[in-house]
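Student: Chains as they are written, first to last, in our numbering: chain A, 556 to 961; chain B, 556 to 961.
Just so you know, the hints here were simulated from the structure itself, not pulled from any lab data.
Sample of chain B residues facing chain A (criterion: CB under 8 angstroms; computed from the structure):
#1 Gly-792
#2 Ile-825
#3 Thr-830
#4 Leu-832
Every residue, glycine too, gets a C-beta built ideally from N, C-alpha and C.
Read off the chains here:
Number of protein chains: 2
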Amino acid sequence: MVNYQEFFSGDAQLMQYSAIRRMARISTQPGIISFSAGAPNEETFPAGEIGVIISSVLASEGKTALQYGLTLGFGGLVDAIVDFCLKRGISSVTSEQIAITSGSQQGLDLIGRLMIDPGDVVFFELPSYIGAISAFRNLQATLIEVRQAEDGFVIEELITRIEQSRRSGKRAKLIYVIPNFQNPSGVTLSLRKRQQLLEVAEKYDLLIVEDDPYGEVYFDPGLLEQLTPIKSFDREGRVLYISTFSKILAPGLRTGWIVAPKQIIEKLDIAKQATDLCGSMLDQRIVAECLRRGIIQKHLPSIREFYRAKCQVMLDSLKCFMPSEVRWTRPMGGLFLWVTLPATLNSEEILYSCLEHQKVAYVIGRPFHVNGEGANTLRLAFCKENEDNIRVGIERLARVFKSYLE
Amino acid sequence: MVNYQEFFSGDAQLMQYSAIRRMARISTQPGIISFSAGAPNEETFPAGEIGVIISSVLASEGKTALQYGLTLGFGGLVDAIVDFCLKRGISSVTSEQIAITSGSQQGLDLIGRLMIDPGDVVFFELPSYIGAISAFRNLQATLIEVRQAEDGFVIEELITRIEQSRRSGKRAKLIYVIPNFQNPSGVTLSLRKRQQLLEVAEKYDLLIVEDDPYGEVYFDPGLLEQLTPIKSFDREGRVLYISTFSKILAPGLRTGWIVAPKQIIEKLDIAKQATDLCGSMLDQRIVAECLRRGIIQKHLPSIREFYRAKCQVMLDSLKCFMPSEVRWTRPMGGLFLWVTLPATLNSEEILYSCLEHQKVAYVIGRPFHVNGEGANTLRLAFCKENEDNIRVGIERLARVFKSYLE
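Could you build all of it, start to finish, from the sequences and the hints given here?
Tutor: Below, the structure is given as structure tokens:
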């Protein structure tokens, strides 16, 4: 028979099935309280309103909604996104600086393909988003770690790493950052550090990939100024801003976008053309119409409150049940928080015990670390379970952790 | 400011904006009779039935249809595709051998990424599909040409090219073929050559990428046996079969699929996960439900007749109006036919004259040739215009060609 291994490319040889996805499967078994799934809660999807919109889209422009469309996206949605960006403080955006993508994951992948040759360096926080790690790792990028403080990137360490990688002769290209309520840690990059990050990029001639899927899911409107996108300070065109409607409308519609300098969007157009010709035109029209009718904007306060309340219950439960040796982050928004166990404990080993004996699940922290660290860390998603289950689940977790600490 | 050129990867440096897309834009100006657009005719989309289906999908499973789904595709659609493949003669397919993609273009791109390192060889017919040429060229593949006869690939030349590329030390990996009513030529690979192509792949240890977007759009059911997929003869697992619902349902729904050995689908799952997490779940449910209710199957006879009638009008018009020096193919299905002018004429030069003086458009043939030949060729798509326009447009074209031949 055929030896497929001999046919696989260098990229493909390195690709590995994610341990997280394997465990995510286990943790979706019935009866398990799951803090592992990172998907937004289906209760937040405005399914009824989407149904009404689809009927009207099909009635008024059914034929074009079912036809191929522009590679960079449906013009009506591009224009609506220009407005949406302005409201986030990203001013002077034009439609030529926008590409619609099949979720923000496609944005990460396309940017990687445009920028990364094998060995090129991308800087990642410890921990950082697995989807970005996979996208860049699959292109044989060199992923360099920078520690994360309570207010994000340790800037001095970033500078050290940049200088180290320069001396090593590698080409440092990108800094990857999720400034708001990071997946997985829930940490928010401080306003001062947003500006510092941009200064570092300018000084060392790097680009920043600013991934902002959760920016609208903040818990306290009083903190809004702190969430100003790095892109809004960007005068030289160093920031490639990525976002998505997955967390504030519905992920199954697969609609994200990139804001980037025109020269990069033009190249991205060519790359995307060969990748999928265009995204789902029906999905894009639905999202455009949701924006035009103000459905997303109207739903945002309830989505924020929905996740805020769940987060609060989880924080209260952690405080109530966890042994003193366990630490966790206190997110200002998003879907996740991050737990650090004493260094002697291994969250993967403990997870099997949690699943088997207590029917509770989380995601282990190590795969979020580009340098293989983090064996004593884990991510808790507070998006899926109801408040009672959150309390019960955290109590169960605490019970298992205590048993390992004895 | 930033010098983006220094950031672009080797792949990106080579990507170029397609001349065809530039010209396609010109040819969509109002008043122009266009034989250039290769999109299926919107009249064939069952928009009303799709509307009914969406309502029922949203009512019965709205929340999950709007949620993330499996990377390899919605299970209900995968199962329906297993059946669909069986009816095409691809027997012993299991759901583990199928991946749903965002149109067949994503299938081409993912296969390229799994298989191609810079310099690896892919064999293409002269002419062949531009989307496949772009997908593989963007990965820095070496594209080697093989002439096309009236019944497809010149097998002896393919063998010569394979042996040449072996001697040159390059790694020959893939043979790319569109067996049915090829885009752009309209040529169909004969049954005997389908088997020969597979024998060649076996002998020289190559894989075949069988791209079959038009297989259902045949004009004469009596010829069906000739259209047996190469995949149906494949015992060693050498054929990666790609198809799509774009031509027989609606391309805006972006739903294609790959049939390939399980080991390749597993790798593709990992690659696709980092590419887009999953495709549009709403689109996939719509297509699944269209298959379950028999809507696609019911529409196929009328789609076939729709394009057959247009093709016949174009063939009759060509016969009636064209000067004797001009030759063209007689397709048994699909959306396209192929015109060859005397070698002294340049179809790109003539196109500007057609657009300006006669308001008629086609696609130039050179970009479909991986070796830069084909300056005297062009593609005519008979899918868009009505029968009157086809007659008038061909008459106008003939007028311009004659003026160049004088």
